[in-house]
Structure formats: structure tokens, C-alpha cells
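Input sequences plus hints: build the corresponding full structure.
One-letter residues, chain by chain:
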Amino acid sequence: MTPPLALVAELTYRCPLRCGYCSNPTSWRDHADALAAADWSRVFAEAAALGVLHVHLSGGEPLLRADLESIVASARDAGLYVNLITSAWGLERARLERLVDAGVDHVQISVQDLDASAADVLAGVEVHARKLLACGWVREAGAALSLNAVLHRANIDQTAGFIDLAERVGAERLELANTQYHGSARVNREALMPTREQVARNADVAAEARVRLRGRCEVIWVMPDWFADLPSPCNDGWGRRFITVTPDGVALPCAGAQVFPDLARDRVLARPLREIWYEGRDFNRYRGTAWMREPCVSCARRDEDFGGCRCQAFALTGDGAEADPACAKSPQHALISAARLSGRAQPAPVVYRIDARRGR
Amino acid sequence: MTDDANAPRLARRVRLRADPARGGHVLLFPEGVLVLNESAAEVLALVDGARTLRRIADELAQRHGAPDPSVVLDDVRALLERLGARGFVEGVGAAP
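Residue numbers (the numbering used here), protein chains in the order written: chain A, 1 to 360; chain B, 361 to 456.
These aren't lab readings, by the way, just hints derived from the structure by calculation. Hints may contain errors.
Partial chain A-side listing against chain B, Cβ under 7 angstroms, derived [what the hints assert, rightly or not]:
(1) P3
(2) G51
(3) L53
(4) Y81
(5) H106
(6) G142
(7) A144
(8) R173
Some chain B residues well away from chain A (every beta-carbon gap over 10 angstroms; in silico) [to be verified]:
(9) D363
(10) N366
(11) A367
(12) D379
(13) A381
(14) E398
(15) A400
(16) E402
(17) D408
(18) R411
(19) R414
(20) R423
(21) P427
(22) S430
(23) D435
(24) E441
Pair by pair, the computed Cβ-Cβ distance ranges are [said to hold, decoys possible]:
(25) B/H424 <-> A/V125: 39 to 47 angstroms
(26) A/L230 <-> B/Q422: 48 to 56 angstroms
(27) B/P380 <-> A/A290: 27 to 35 angstroms
(28) A/E208 <-> B/P380: 25 to 33 angstroms
(29) A/E208 <-> B/Q422: 19 to 27 angstroms
Just so it is clear, CB atoms sit at the ideal spot from N, CA and C, and this is done for glycine as well.
This is the structure:
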């Protein structure tokens, strides 16, 4: 068992954007922001003592926390490398500068589409123009800048354009992240799923740019595992590198793990993080290989992909110890093949973040 | 002569720190960790934007009683050029 490397701090699930591919749980409204800045400060100190090096301040939209500056400062004080993941909604230059002064090392800004009006339709709010401004402010403040485009049927064919945009705004990283079907994205899967041809064509575009821009901009193509026939090494393995802490203060192996109804849901306010990491039931649930059965247990790749995504296995088969159906060796692989067919070559309907409490 | 003129520095997006949980030192950058061996960590501890490449090499040569400082200089330059190519170190080589 190794120390964790990174902490995903979900500061709030509130978000002014309503992206239909949101991976937050659809019950996001039931998760209050239960951790005050002082609580986060203690979590960061405990995480750093445990071996965590990176913190990803995420959400929801972290900028909605009025105490974000002090949260950032405490993460920096703990020695963590601070990544702020934001939509840039409502961000102003002065606040960005304050956040960088407080200790933000790296800002990751999402982008929905190249066309401002199309982007604002996908986000459900007017925000695209602000993102472009914010990119410039990040560069001028001296922090590292990444762009993150979540790809789906309506925007995946703009891959080349996203690459141009990343170059133009001086981003040093571009994540072309194909939608992972968790949270709202799972509910909206049919509208979001690209076609196999779209994926193949744009994977080539990204691969070419990755070579062309080496040393200037790191182009990361997150392959949709639904099209790969091999599962992705989700989170580098359950309970191996990552800790997620939810807005209501629950420590989990990943944000998607909330899909399991029978978690212990250890709370960071009630139990030391070290104990949760090493002894907690949730972190040990699928750690290592002891939980595996066939086809995973005898698979040559079991120490590389760790059987794929446990949350996806559970969501699709009802049993988290099954092979990830994204794997061609899974007896349930037909579920994935069938879902791929839902990616039709027609315009995708616009879908929004699901609010389970309101029914939509 | 760039070895005397250039004072390399860590890129702003990069942080050098000890890693007590796993031992040794690491360079942190967006979404990544570079685990440093002992000698690389020793070089980077002297990379401060003030010391020139030659001064870094001289200090290390003296510290370790190296018989030929020019060998140390070559090693330090090679390391910093490699890290420079990855954008971790600036101000090494011909370009300012």
C-alpha cells in the first residue's frame, strides 16, 4: 500500500453552468458545502503529511466559494501544488491575481465550444467570452494554464480548433477529455455519445498535434474507453493515488464512487485522513487485486488497468467486482457495443445537468 | 560564454520540494511529478536565478572534491538542458 499523490477537493457542487456532461452526482443538490475554510486547511495538512503532493480544487465551481482565497492559501501553506479547476464564470482580473498571489500554481479552464453562442448554449449560461479573457489574465499573472475541452458528439469535430485555441491563448496543456459517463453524463449518454468515425478521426488529429506541439503545448487525448475495447486504468487504480473529498466532507477513492449505495462514507471531520486512506472500508474495497474474479484475475493486464473503472462496472452491471464492461473480455461487453450505436450521425439534442431532486 | 553569463532558474510553474513520505526530492508541475535522483536534486537546489552555470558547477565540484571541475560543468549543463527542453528550467543554453 502506497501513500496517495493527489487530493481532489470538491469545494462545492453548486455551479452556474449546466453542462449536460457534468460528472457530479445527479443528487448534487443534497450535498451541502459542509467544510469551512478551516476544515479544508486541516484536510490539506493531513493530506500533505500523508504524502499528497498535488491538490485539485474542483467542484462544481470553486469560484462560488467566497473563502476560496483562504482555502488556496492554506493549500499552499501545506506545501501542495495548487491546481484550480474552473469555468471562469464571473471571474475578474483582480480576483484571479489575488488567487495566484495566494498560491494557485496552475489554472485549468474549461471550454465548451469554439463558437461563443454555441458554447453558451452548451453551458446554459453566458460564459465563453469570459473564459478567453481569463486565459490572458492567468498567463499575465504567471500561473500555468491548461484548457480542458470535454468532448461529445456536438463538439468533438472541433478538436483541431480546440488545439488552435490552446496555442493562441498560450495554454501549456490541452486536455481533450472525451466524456466519461458518470453523473449527468450517464443519464444524457445517448445525446452525448459520438460516433466511432468521429472518435477515430479526431484521435488522429490530436495525435498529430501532440507531436507537432511537443515542448510548447502538451496535448492530452483522453480516449473514450467505450471505444477502446480496453478499459482505462481508472484513477491509476482504486485507492492507489487519489483521494477525493466531497463538499459534504466524505473521503472517497474517486468522485464517481458515490454511485455505490453501501459505502462507509468516512467523513474527514470525524476520522483522520491517514486512517481513512489505510484502513477505511471504502478505500480498501477494490484496492489491489484480491477482489478480482474472472476475467480480471487471470488477465495479463490486471496490474496495468486494474480491471478498469469500478464505478462504471457497478453502474452497468450492478456489481462493482465485475470486469469493466468497457473491456472486450467482459461478458457484459455487449452493453457497451450497444450503447455505441446510440452515437448517430445526427445533431445531438442539447442536454443539461440533471437535478435529481427536481426530477430533471 | 554562456556558462558564465546564464543564471538558470526554475520555471515559475515548477516547484522543487522534498518528498518526505516517499523520500528524496521531486519537481512538481501541472498534473505531474518528476522524481529526482540525489545529484539532480543537489544541482536544482542551487538553481536560483542568481548563480551562473559555472558557479553551480564550481560549488558542487568543491563540495565533492572533484578533481576535474569541467566534468562537473558538463554534467550540470547536460542535466539543465534536458530539464530546459521540458520547460522546467529557464535561462540555460544560448537563448536567454
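We went through each hint and held it up to the structure:
1. For A/P3, the interface hint holds, the least distance from its beta-carbon to any beta-carbon of chain B being 4 angstroms, beneath 7 angstroms.
2. Because the beta carbon of A/G51 sits about 3 angstroms from the nearest beta carbon in chain B, less than 7 angstroms, this interface hint is met.
3. The beta carbon of A/L53 is positioned within 7 angstroms of a beta carbon in chain B (closest approach about 6 angstroms), and the interface hint is therefore held.
4. This hint holds: A/Y81 has a C-beta 4 angstroms from the nearest C-beta of chain B, less than the 7 angstroms allowed.
5. The criterion of a C-beta within 7 angstroms of any C-beta in chain B is met by A/H106, whose closest approach is roughly 4 angstroms, and the hint holds.
6. The beta carbon of A/G142 is positioned within 7 angstroms of a beta carbon in chain B (closest approach about 5 angstroms), and the interface hint is therefore held.
7. A hinted interface residue such as A/A144 counts as satisfied when its beta carbon comes closer than 7 angstroms to some beta carbon of chain B; here the least separation is about 4 angstroms, so the hint holds.
8. Hint status for A/R173 relative to chain B: holds, with the closest Cβ pair at about 6 angstroms, below 7 angstroms.
9. The beta carbon of B/D363 is kept farther than 10 angstroms from every beta carbon of chain A, the shortest such distance being approximately 23 angstroms.
10. Chain A leaves B/N366 outside its interface by the beta-carbon criterion, the shortest separation being 19 angstroms against a cut-off of 10 angstroms.
11. The Cβ of B/A367 sits about 18 angstroms from the closest Cβ of chain A, beyond the 10 angstroms cut-off, so the non-interface label holds.
12. The non-interface label for B/D379 is inconsistent with chain A: the shortest C-beta to C-beta separation is roughly 7 angstroms, within 10 angstroms.
13. With a least beta-carbon separation of about 3 angstroms from chain A, B/A381 fails to lie farther than 10 angstroms from that chain, contradicting its non-interface assignment.
14. No beta-carbon of chain A is positioned within 10 angstroms of the beta-carbon of B/E398; the least distance is around 19 angstroms.
15. Against the 10 angstroms criterion, B/A400 stays outside the reach of chain A, whose nearest CB is about 17 angstroms from its own CB.
16. With a cut of 10 angstroms on Cβ distances, B/E402 stays outside the contact zone with chain A, its closest approach being about 20 angstroms.
17. A cut-off of 10 angstroms between C-beta atoms confirms that B/D408 is not in contact with chain A; the least separation is 17 angstroms.
18. Distance check on B/R411: its Cβ is at least 22 angstroms (rounded) from any Cβ of chain A, clearing the 10 angstroms threshold; non-interface status holds.
19. Non-interface call for B/R414 relative to chain A: holds, since the shortest CB-CB distance, roughly 26 angstroms, exceeds 10 angstroms.
20. The non-interface label for B/R423 is consistent with chain A: the shortest C-beta to C-beta separation is roughly 26 angstroms, beyond 10 angstroms.
21. With a minimum CB-CB distance of about 36 angstroms to chain A, B/P427 clears the 10 angstroms threshold, and the non-interface call stands.
22. Separation of B/S430 from chain A is adequate, the least Cβ-Cβ distance of about 29 angstroms exceeding the 10 angstroms criterion.
23. The beta carbon of B/D435 is kept farther than 10 angstroms from every beta carbon of chain A, the shortest such distance being approximately 23 angstroms.
24. Chain A leaves B/E441 outside its interface by the beta-carbon criterion, the shortest separation being 13 angstroms against a cut-off of 10 angstroms.
25. For B/H424 and A/V125, the hinted distance range of 39 to 47 angstroms is not satisfied, since their beta carbons lie about 60 angstroms from each other.
26. Hint check: A/L230 to B/Q422, Cβ distance near 53 angstroms, so the stated range 48 to 56 angstroms holds.
27. The beta-carbon spacing between B/P380 and A/A290, approximately 29 angstroms, falls within the hinted interval of 27 to 35 angstroms.
28. A/E208 and B/P380 have their C-beta atoms about 42 angstroms apart, which leaves the hinted 25 to 33 angstroms range violated.
29. Under the hint 19 to 27 angstroms, the C-beta atoms of A/E208 and B/Q422, about 49 angstroms apart, miss the expected range.
Violation of the numbered hints given earlier is confined to hints 12, 13, 25, 28 and 29; the remaining hints are satisfied by the structure.
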